[in-house]
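The lines below spell out each chain.
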Amino acid sequence: MTPQVLVDGLMSGALIGLGAIGVTLTYSILRFANFAHGEFISFGAYATLLVASGISALIVGSDHGIGELSISPAVIAASLIAMTLTAGFALALDKILFSRLRGKGAAISVVMASFGASMAIRASLEFAFTSRPAYFSPDLEIARPIVFGLKATPDQMALLAVAAVLLMGVHLMLTRTQIGRAMRAVSENPALARVAGVDVDGTIRFAWATGGALAAASGVMLGLLVQIRPFMGFDLLLPLFAAAILGGIGSAPGAFAGALIVGLGEAITVQLAGSEWRAAFAFLVLIAVLIVRPTGLAGRPT
Amino acid sequence: MSAQTPLLIVDRLVAGYETGLSIVNGASITVAAGEIVAVLGPNGAGKSTLIKAIAGLVPISGGSVTFAGHDVTHTPAHRLIGAGLAFTPQTENVFASLSVGDNLKLAAGILPRTLRADRIAEAYETFPDLARQRALPAGRLSGGQRQMLAIARALLVAPKALMLDEPSAGLSPKLVEMVFVRLADIRRSGVAIVLVEQNTRAALALADRAYILVQGRNRHEGPARALTGDRMIAALYLGGVVTDGAP
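These protein sequence lines are chains A and B, in that order.
So that you can map any letter, position 145 of the first sequence is 145 in the working numbering, and since no number is skipped, the others follow by simple counting.
So that you can map any letter, position 9 of the second sequence is 9 in the working numbering, and since no number is skipped, the others follow by simple counting.
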């Protein structure tokens, strides 16, 4: 095993973390596991691809990578637009599907609906874009030494920094701002939150939009580092849930920590046992947590 | 009671968690500005459901609620506090996972930005215990401190009326006395209080007037002192608590 797994593990941990925040926010505020969250990741990646190709057709030269990065100004601008679009997509899905089922009948019906939505969105993406992988840039990036013999591509370093900023931003938002306090209040006790003057419906919408935007960011990063496929988000769903549950579902800092553990564990597993065992690690984490400590690292007993 | 229009008028209210299964069946109460009104009655009389319905937490299917001259019958719960009508539930009335400070900051959210810090500082002045524990998660406060935080939270936005659901529940007699002394202070500052209580003796000692509900309807009403002395009422509806001491 080489220390290089650190770089790979941190990178995939950051991607998983951005997705796991959305899973954990939806769970803590609406009390349901959204299986369609992986599709927000794919949706965000394809939306960025479309918008970026539009921008580069309109503005000559905007599709060239910045400096040593393969990331172009067109992709950066498109990813910001795609984050907004994905936030809107998550809100629309809640409005037309989940909100109609909430509070009626068994809670499991919402989960099943999210499973159906996941399949429908995935199939639509495959129909529209085919299952052939797509790429943001044809450039090949060469990893270069950074410190202690570790190597990383300029893209990896830039995206790690962006992911760290986004995760820190979410943490500050949850702990220091009024909307963050409102989200924590609604997740603990919606009735008391209303009595305290919190607009619960507005808070739920904000949580969906945040989860959607972060999922899109995760999708763009995955697309830049690997490739864009209709199944990219669905394949990430298991690590997302493993991270969210390991961290204690409902806890955002727990989801970051869980994501880093799952990301590093996957990278080590790939090194030691081969890439076909990657998904097995997330499964093992999930099973072990559910047996040993179902409330997760940061979870409180309910 | 003053001759002017009461602050809160609840007129023949019908409410319940599920349609067709009403728990409040036409109860009516009025509360004047600065008045303390107790709502009493046997278990299951619909006392708690009545104030939860007024607070917007239980669906109302008939009757009306008028507050400060406005019809607020179907006003969403989160708007009522801004209109000046505050409510503290019986249990889980603080956010246990949020710090004491965050509980207050959350409640200050409906105030204009410039006022928030001042109001929180005032709350800490009124409740020095809370100021010392501001960084502590509210779930780790003692029962009495929790009740104080719940009341401080409700008063933070300077409401015209405060509705409390069993503020004495789960507290020792000494703490009950402390809470009720606070309520008397709060009334002196001009806030009307609606008090739902099982602790009839303490409630009648504090209140100006009281209503006794049975099966979601008004059964008796009158000045608290008159009800305190009425042995028949005590025996019939209040489990003899008033005349016989401890329940």
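Since the hints were made in silico from the structure, they are not lab data.
Think of the CB as a built atom: it goes at the ideal place given N, C-alpha and C, for glycine as much as any other residue.
Keep in mind that a hint or two might mislead.
Stated by the list, open to error - Pulled a few chain A residues facing chain B out of the computed Cβ check, cut under 7 Å:
id: 1; residue: 8
id: 2; residue: 69
id: 3; residue: 169
id: 4; residue: 178
id: 5; residue: 181
id: 6; residue: 184
id: 7; residue: 185
id: 8; residue: 189
id: 9; residue: 195
id: 10; residue: 196
id: 11; residue: 197
id: 12; residue: 235
Inset, instruction - Please verify that hint: residue 184 (chain A), Cβ, nearest Cβ of chain B, below 7 Å or not. - result: Since chain B brings a Cβ to about 6 Å from residue 184 (chain A), closer than 7 Å, the hint holds.
Legend entry - Agreement of hint residue 69 (chain A) with chain B interface, Cβ distance less than 7 Å: 40 Å, violated
Legend entry - Restraint outcome when residue 197 (chain A) is required to lie within 7 Å of chain B by C-beta distance: Residue 197 (chain A) check passes; min Cβ-Cβ to chain B is 4 Å, inside 7 Å.
Legend entry - Interface restraint verdict for residue 196 (chain A) against chain B (beta-carbon cut-off 7 Å): 5 Å, holds
Inset, instruction - May I ask you to test the interface hint for residue 235 (chain A) with respect to chain B, counting a Cβ-Cβ separation under 7 Å as satisfied? - result: 33 Å, violated
Legend entry - Satisfaction of the residue 181 (chain A) interface hint, Cβ to chain B closer than 7 Å: 5 Å, holds
Legend entry - Hint validity - residue 178 (chain A) Cβ closer than 7 Å to any chain B Cβ: Constraint on residue 178 (chain A) satisfied, holds at 5 Å.
Legend entry - Per-residue hint verdict: residue 169 (chain A), partner chain B, C-beta under 7 Å: 19 Å, violated
Legend entry - Status of the hint placing residue 185 (chain A) at chain B (closest C-beta pair under 7 Å): Holds, because the Cβ-Cβ distance from residue 185 (chain A) to chain B comes to roughly 5 Å (cut-off 7 Å).
Legend entry - Agreement of hint residue 195 (chain A) with chain B interface, Cβ distance less than 7 Å: Holds, about 5 Å.
Legend entry - Restraint outcome when residue 189 (chain A) is required to lie within 7 Å of chain B by C-beta distance: The hint holds - residue 189 (chain A) has a Cβ within 7 Å of chain B, the shortest such distance being about 6 Å.
Legend entry - Given hint residue 8 (chain A) near chain B, where the shortest CB pair must fall under 7 Å: At 35 Å from the nearest chain B Cβ, residue 8 (chain A) fails the 7 Å test, so the hint is violated.
Comparing the model with each numbered hint stated earlier shows that hints 1, 2, 3 and 12 do not hold.
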